[in-house]
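Asks: Using the hints, position chain E against chain S.
Chains S and E are the protein sequences, given in the same order. Oh and the first sequence: position 355 is 369 in this note's numbering, straight run, nothing missing. Oh and the second sequence: position 456 is 470 in this note's numbering, straight run, nothing missing.
There's no promise every hint is true.
Pairs of lysine-lysine, DSSO-like flavour, derived with a Cα cap of 30 Å [claimed, not checked]:
| id | chain 1 | residue 1 | chain 2 | residue 2 |
| --- | --- | --- | --- | --- |
| 1 | E | Lys-70 | S | Lys-523 |
| 2 | E | Lys-192 | E | Lys-119 |
| 3 | E | Lys-103 | S | Lys-505 |
| 4 | S | Lys-190 | E | Lys-104 |
| 5 | E | Lys-104 | S | Lys-168 |
| 6 | E | Lys-221 | S | Lys-104 |
| 7 | E | Lys-534 | S | Lys-70 |
| 8 | S | Lys-505 | E | Lys-104 |
| 9 | S | Lys-168 | E | Lys-103 |
| 10 | E | Lys-168 | S | Lys-103 |
| 11 | S | Lys-505 | E | Lys-70 |
| 12 | E | Lys-104 | S | Lys-104 |
| 13 | E | Lys-523 | S | Lys-34 |
| 14 | E | Lys-103 | S | Lys-104 |
| 15 | S | Lys-534 | S | Lys-505 |
| 16 | E | Lys-504 | E | Lys-523 |
| 17 | S | Lys-34 | E | Lys-505 |
| 18 | E | Lys-103 | S | Lys-504 |
| 19 | E | Lys-179 | S | Lys-103 |
| 20 | E | Lys-70 | S | Lys-504 |
| 21 | E | Lys-192 | E | Lys-221 |
| 22 | S | Lys-103 | E | Lys-192 |
| 23 | E | Lys-308 | S | Lys-534 |
| 24 | S | Lys-190 | E | Lys-103 |
| 25 | S | Lys-363 | E | Lys-534 |
| 26 | E | Lys-34 | E | Lys-119 |
| 27 | E | Lys-534 | S | Lys-534 |
| 28 | E | Lys-190 | S | Lys-103 |
| 29 | E | Lys-499 | S | Lys-104 |
| 30 | S | Lys-103 | E | Lys-213 |
| 31 | E | Lys-179 | S | Lys-70 |
| 32 | E | Lys-34 | S | Lys-523 |
Worth flagging that the hints you see were computed from the coordinates, not collected in a lab.
There are 2 protein chains.
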Amino acid sequence: MKIALCQLNYTIGDFAANSKKIIDNIEKAKHSHCDLVVFSELAICGYPPLDFLENKDFIHTALRAIESIANHCQGITAIVGGVEINPNKKGKKLYNTAFVLADGKIQQSVYKTLLPTYDIFDEYRYFEPNTFFDTVRIAGVDVALTICEDLWDKQPVENSFSQSKLYTVSPLAEIKSKFDIIINIAASPFSLQQENARKSVLIDNAKQYHVPVVYVNQVSANTELIFDGQSMVINPKGEMVLEMSEFSEDFSIFDTNQSIKSDLPVHQLDQAGKLYQAILLGLSDYFRKMGFTKAVIGLSGGIDSAVVAALAVDALGADNVVGILMPSKFSSDHSISDAEQLAANLGIKTHLLPIADSVEAVENTLEPVFRGTAFGIAEENIQARIRGVFLMAYANKFGHILLNTSNKSEAAVGYSTLYGDMNGGLSILGDVYKTQVYLLAEYINRNGERIPINSITKAPSAELRPGQKDADSLPDYDTLDAILKLYIEKKYSRDEIIAAGYEAETVQKTVLMVNRNEYKRFQSPPILRLSPKAFGLGRRMPLVAQYDF
Amino acid sequence: MKIALCQLNYTIGDFAANSKKIIDNIEKAKHSHCDLVVFSELAICGYPPLDFLENKDFIHTALRAIESIANHCQGITAIVGGVEINPNKKGKKLYNTAFVLADGKIQQSVYKTLLPTYDIFDEYRYFEPNTFFDTVRIAGVDVALTICEDLWDKQPVENSFSQSKLYTVSPLAEIKSKFDIIINIAASPFSLQQENARKSVLIDNAKQYHVPVVYVNQVSANTELIFDGQSMVINPKGEMVLEMSEFSEDFSIFDTNQSIKSDLPVHQLDQAGKLYQAILLGLSDYFRKMGFTKAVIGLSGGIDSAVVAALAVDALGADNVVGILMPSKFSSDHSISDAEQLAANLGIKTHLLPIADSVEAVENTLEPVFRGTAFGIAEENIQARIRGVFLMAYANKFGHILLNTSNKSEAAVGYSTLYGDMNGGLSILGDVYKTQVYLLAEYINRNGERIPINSITKAPSAELRPGQKDADSLPDYDTLDAILKLYIEKKYSRDEIIAAGYEAETVQKTVLMVNRNEYKRFQSPPILRLSPKAFGLGRRMPLVAQYDF
Numbered sequence: 015m016k017i018a019l020c021q022l023n024y025t026i027g028d029f030a031a032n033s034k035k036i037i038d039n040i041e042k043a044k045h046s047h048c049d050l051v052v053f054s055e056l057a058i059c060g061y062p063p064l065d066f067l068e069n070k071d072f073i074h075t076a077l078r079a080i081e082s083i084a085n086h087c088q089g090i091t092a093i094v095g096g097v098e099i100n101p102n103k104k105g106k107k108l109y110n111t112a113f114v115l116a117d118g119k120i121q122q123s124v125y126k127t128l129l130p131t132y133d134i135f136d137e138y139r140y141f142e143p144n145t146f147f148d149t150v151r152i153a154g155v156d157v158a159l160t161i162c163e164d165l166w167d168k169q170p171v172e173n174s175f176s177q178s179k180l181y182t183v184s185p186l187a188e189i190k191s192k193f194d195i196i197i198n199i200a201a202s203p204f205s206l207q208q209e210n211a212r213k214s215v216l217i218d219n220a221k222q223y224h225v226p227v228v229y230v231n232q233v234s235a236n237t238e239l240i241f242d243g244q245s246m247v248i249n250p251k252g253e254m255v256l257e258m259s260e261f262s263e264d265f266s267i268f269d270t271n272q273s274i275k276s277d278l279p280v281h282q283l284d285q286a287g288k289l290y291q292a293i294l295l296g297l298s299d300y301f302r303k304m305g306f307t308k309a310v311i312g313l314s315g316g317i318d319s320a321v322v323a324a325l326a327v328d329a330l331g332a333d334n335v336v337g338i339l340m341p342s343k344f345s346s347d348h349s350i351s352d353a354e355q356l357a358a359n360l361g362i363k364t365h366l367l368p369i370a371d372s373v374e375a376v377e378n379t380l381e382p383v384f385r386g387t388a389f390g391i392a393e394e395n396i397q398a399r400i401r402g403v404f405l406m407a408y409a410n411k412f413g414h415i416l417l418n419t420s421n422k423s424e425a426a427v428g429y430s431t432l433y434g435d436m437n438g439g440l441s442i443l444g445d446v447y448k449t450q451v452y453l454l455a456e457y458i459n460r461n462g463e464r465i466p467i468n469s470i471t472k473a474p475s476a477e478l479r480p481g482q483k484d485a486d487s488l489p490d491y492d493t494l495d496a497i498l499k500l501y502i503e504k505k506y507s508r509d510e511i512i513a514a515g516y517e518a519e520t521v522q523k524t525v526l527m528v529n530r531n532e533y534k535r536f537q538s539p540p541i542l543r544l545s546p547k548a549f550g551l552g553r554r555m556p557l558v559a560q561y562d563f
Numbered sequence: 015m016k017i018a019l020c021q022l023n024y025t026i027g028d029f030a031a032n033s034k035k036i037i038d039n040i041e042k043a044k045h046s047h048c049d050l051v052v053f054s055e056l057a058i059c060g061y062p063p064l065d066f067l068e069n070k071d072f073i074h075t076a077l078r079a080i081e082s083i084a085n086h087c088q089g090i091t092a093i094v095g096g097v098e099i100n101p102n103k104k105g106k107k108l109y110n111t112a113f114v115l116a117d118g119k120i121q122q123s124v125y126k127t128l129l130p131t132y133d134i135f136d137e138y139r140y141f142e143p144n145t146f147f148d149t150v151r152i153a154g155v156d157v158a159l160t161i162c163e164d165l166w167d168k169q170p171v172e173n174s175f176s177q178s179k180l181y182t183v184s185p186l187a188e189i190k191s192k193f194d195i196i197i198n199i200a201a202s203p204f205s206l207q208q209e210n211a212r213k214s215v216l217i218d219n220a221k222q223y224h225v226p227v228v229y230v231n232q233v234s235a236n237t238e239l240i241f242d243g244q245s246m247v248i249n250p251k252g253e254m255v256l257e258m259s260e261f262s263e264d265f266s267i268f269d270t271n272q273s274i275k276s277d278l279p280v281h282q283l284d285q286a287g288k289l290y291q292a293i294l295l296g297l298s299d300y301f302r303k304m305g306f307t308k309a310v311i312g313l314s315g316g317i318d319s320a321v322v323a324a325l326a327v328d329a330l331g332a333d334n335v336v337g338i339l340m341p342s343k344f345s346s347d348h349s350i351s352d353a354e355q356l357a358a359n360l361g362i363k364t365h366l367l368p369i370a371d372s373v374e375a376v377e378n379t380l381e382p383v384f385r386g387t388a389f390g391i392a393e394e395n396i397q398a399r400i401r402g403v404f405l406m407a408y409a410n411k412f413g414h415i416l417l418n419t420s421n422k423s424e425a426a427v428g429y430s431t432l433y434g435d436m437n438g439g440l441s442i443l444g445d446v447y448k449t450q451v452y453l454l455a456e457y458i459n460r461n462g463e464r465i466p467i468n469s470i471t472k473a474p475s476a477e478l479r480p481g482q483k484d485a486d487s488l489p490d491y492d493t494l495d496a497i498l499k500l501y502i503e504k505k506y507s508r509d510e511i512i513a514a515g516y517e518a519e520t521v522q523k524t525v526l527m528v529n530r531n532e533y534k535r536f537q538s539p540p541i542l543r544l545s546p547k548a549f550g551l552g553r554r555m556p557l558v559a560q561y562d563f
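The following block holds chain S by itself, in its conformation from the complex (with noise of 0.2 Å):
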């Protein structure tokens, strides 16, 4: 059997668009003569709609554009993923579908079992799980077709309590008869320990079933989530024997009867490397998709408005992002020619606007009630919120996407101002701990300089008061990041965390600090997702609520 792989990028809710997709790609399977082109979960509709789900007019036309799609598949089996009505009288009212297209109709529906419900993920919030388990027969061949997290059914529970998994039903171990291959439809979301994880589940389940696994991810970005493709073909002895694309659409073909192929394109690129192209398609698809072409971003001569800026003429080119310096009288010298290097560098265009007259204004007409109390965070923070001014008054005057800066250790610990250097429509860095920034400046600059190298080796500073440093208030950034992926993504206790080899005063400080800021981040610009554990809608931290424990 001859079987088209189709990795494409899709844009939630454009039905016409995702639907031409589709059947463009048919027609290419079709004329390479294969027997089964196969798209990835929710291809129809693009994935995750969320509450698109509970509109009819959405699952209507999701249910009419599968049907077109099948007056397409004409001596052709497609696999497109979708939704369906559950018609039982019980239970939630929809089906994440596998439609299997042929002769002009769809000819049968296969559901997704196991539907996650963690972190970034809310699928029993619209699905009914199946619970009937049979092969599909496609050009003589017996197809366990089954959808993303199906087989995902040996997964662990997160952060454990016991040695326990997290689902009860195996889906394939439920199918009574033999089959002859795995295919597997997917939306699987990319972070920077995914893939592995992703490796190891298909290469485990064709080695305990003895059969090929097909599996067919989506290649996109909708809003924090990225998904990076890289679908694959794994042989029954486990080894990958097709390996798509990273980051960007791609089709190929995998012939059954051939179970090695010789030009396995190796992926190759290092942490930064990734975290650089998942940006890149996060920033890329945010603008495309919203049909946005320009964005603005404030560059304060320091390392993260550099690589953001960086990362923003790559994804939209130089004409395109323009630079807003707005020096204060706490502002270093260095901090504007910093950035107009930078700026020299990248090719783009800039602004200067000073801050001192408005923030001189606004203490002018503040004299009165502050009269008598010292220079401190309030005074700080009416820097940070001016810049935010002159920020969104260029975005929405040209029509500019304002960029937001600020790095995951900024945000874990809320050392950054809201309404602040906290705006923007997008946050580029909000998952890249500051010593993660460091290795994306070095990535950026991989082939000469780009990002000014004082920009890298000198002091972070806020410079919001005199000879100001992060390190006045924050740990090292080394000790800080440790403590902070600890804390949040392994969701190690504090005395877990001391257990570590970290300093007591200063976990309890960092832990602290984490707590104390959930405010900030729920008014946070959505967050491209990088690592297991993003901030944002995967952590749900109550706001109101004692966290002494």
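Replies: Below, chain E without anything else, positioned relative to chain S:
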């Protein structure tokens, strides 16, 4: 059997305070010679604990707290909501549990079967559903012990595609032995429609099984969610024989030998009264549980900020509320006079901070960049954002919490400035349509003028350009709110709204505004939830998407 119903206000994660409250009420019940004392769902940790449930320490502390409480159960049985670790090797790691405590220890654990996972609920994110059904014997009585949603097995799928029910299991029907009474421990949040729905469910169950239903809800506000209490007992005829207070803690005793209670308090709050009480609880719990005491509010002279100020005064006391008046060159005379009248009526302190100088300074700095462009949204937003800078500066300087004053109609159509009037720690009216704000104002004035009549009668205006009126950009609020309610709460499609009698162009325009402004609401402060569908956690829309369906 004498049963004490304890309707208490718990703080999420405050195990010491929650335990003390529970133990005090056990003692109180002992003094009244009760056989059984009942506390609400997840009483030990407060509801909803969200991702605290993924924290090992949190779970272990909760378990230890239950064991300590059990020590106090001598000569009495207590039912206390908590969490238990799933001992099985498969499935979610926790059970949402009703602990039965007696003779100094945990006698039995009953698990929740139906796990609400829709709107603001995410229980399947954390809990494994129960699959074992039996009665619990307490003081010679066979009790069907259930947790909240377990009695809601017959509820229809929301906005159903068919006449289907949301759940496939009916927990009470699964109990094969006879039972004498149903006890339901709940954490059922308030919404204007919820009270009647809840009563119907309890009455239906009492009549179906011919037994009394004892229902114990929590009374509390935890960030967005407000729990109104209204615990009750329904007799086998479906009559309410005991009704506990709305929006306040309460303790009542029900004797199963007495099926009619004479001194039934009558709840007589109308819609506005309920909204008022709910907001009051939401506001005061937000402050009390966070240890905050003081609020600051921008007073525009309009009705929204006036209503928020009055509510804040009633929740926190006039001494703890400060109003900031921030006129611009576009402000009408009555903006100041109405705000001053309000402050005089409420007895709150005000500060006058004219924004002209700061706006001018910002515009002067921007002049080289903006030169040749016309006054527009960018300039309007500068004014709103400078007000935001003043309000946050005051809040930061004096440790006040800024209360947001946007209403649901504005939030829906994006008639508000991100990082400007959208600022705040908590949105008080974000789930109150403009037409309901008028009802609230009348209610607040029920014993005499507190909100100036002119603030109520004048035409609403954002006053961001000369002579601006809301009606210039928006449909009249009666029409707008009716359309919004159908679209957001009833999930009508555009065609269905038009078919319901609204002008096609107005419907199209309104729906477009709602959809185009998801990005603003993404960064909104938490919104007190008062309707079945509030903006925030209960409504999860994709940002990057096509809404053309």
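Asks: All the hints need checking, so say for each whether the structure fits it.
Replies: Hint check:
no., hint, result
1, Lys-70(E) / Lys-523(S), "holds (20 Å)"
2, Lys-192(E) / Lys-119(E), "holds (26 Å)"
3, Lys-103(E) / Lys-505(S), "holds (21 Å)"
4, Lys-190(S) / Lys-104(E), "holds (21 Å)"
5, Lys-104(E) / Lys-168(S), "holds (9 Å)"
6, Lys-221(E) / Lys-104(S), "holds (22 Å)"
7, Lys-534(E) / Lys-70(S), "holds (25 Å)"
8, Lys-505(S) / Lys-104(E), "holds (21 Å)"
9, Lys-168(S) / Lys-103(E), "holds (11 Å)"
10, Lys-168(E) / Lys-103(S), "holds (11 Å)"
11, Lys-505(S) / Lys-70(E), "holds (8 Å)"
12, Lys-104(E) / Lys-104(S), "holds (25 Å)"
13, Lys-523(E) / Lys-34(S), "holds (28 Å)"
14, Lys-103(E) / Lys-104(S), "holds (28 Å)"
15, Lys-534(S) / Lys-505(S), "holds (20 Å)"
16, Lys-504(E) / Lys-523(E), "holds (18 Å)"
17, Lys-34(S) / Lys-505(E), "holds (28 Å)"
18, Lys-103(E) / Lys-504(S), "holds (21 Å)"
19, Lys-179(E) / Lys-103(S), "holds (6 Å)"
20, Lys-70(E) / Lys-504(S), "holds (11 Å)"
21, Lys-192(E) / Lys-221(E), "holds (15 Å)"
22, Lys-103(S) / Lys-192(E), "holds (27 Å)"
23, Lys-308(E) / Lys-534(S), "holds (19 Å)"
24, Lys-190(S) / Lys-103(E), "holds (23 Å)"
25, Lys-363(S) / Lys-534(E), "holds (27 Å)"
26, Lys-34(E) / Lys-119(E), "holds (17 Å)"
27, Lys-534(E) / Lys-534(S), "holds (15 Å)"
28, Lys-190(E) / Lys-103(S), "holds (23 Å)"
29, Lys-499(E) / Lys-104(S), "holds (27 Å)"
30, Lys-103(S) / Lys-213(E), "holds (24 Å)"
31, Lys-179(E) / Lys-70(S), "holds (17 Å)"
32, Lys-34(E) / Lys-523(S), "holds (28 Å)"
The earlier numbered hints are all upheld by this structure, with none contradicted.
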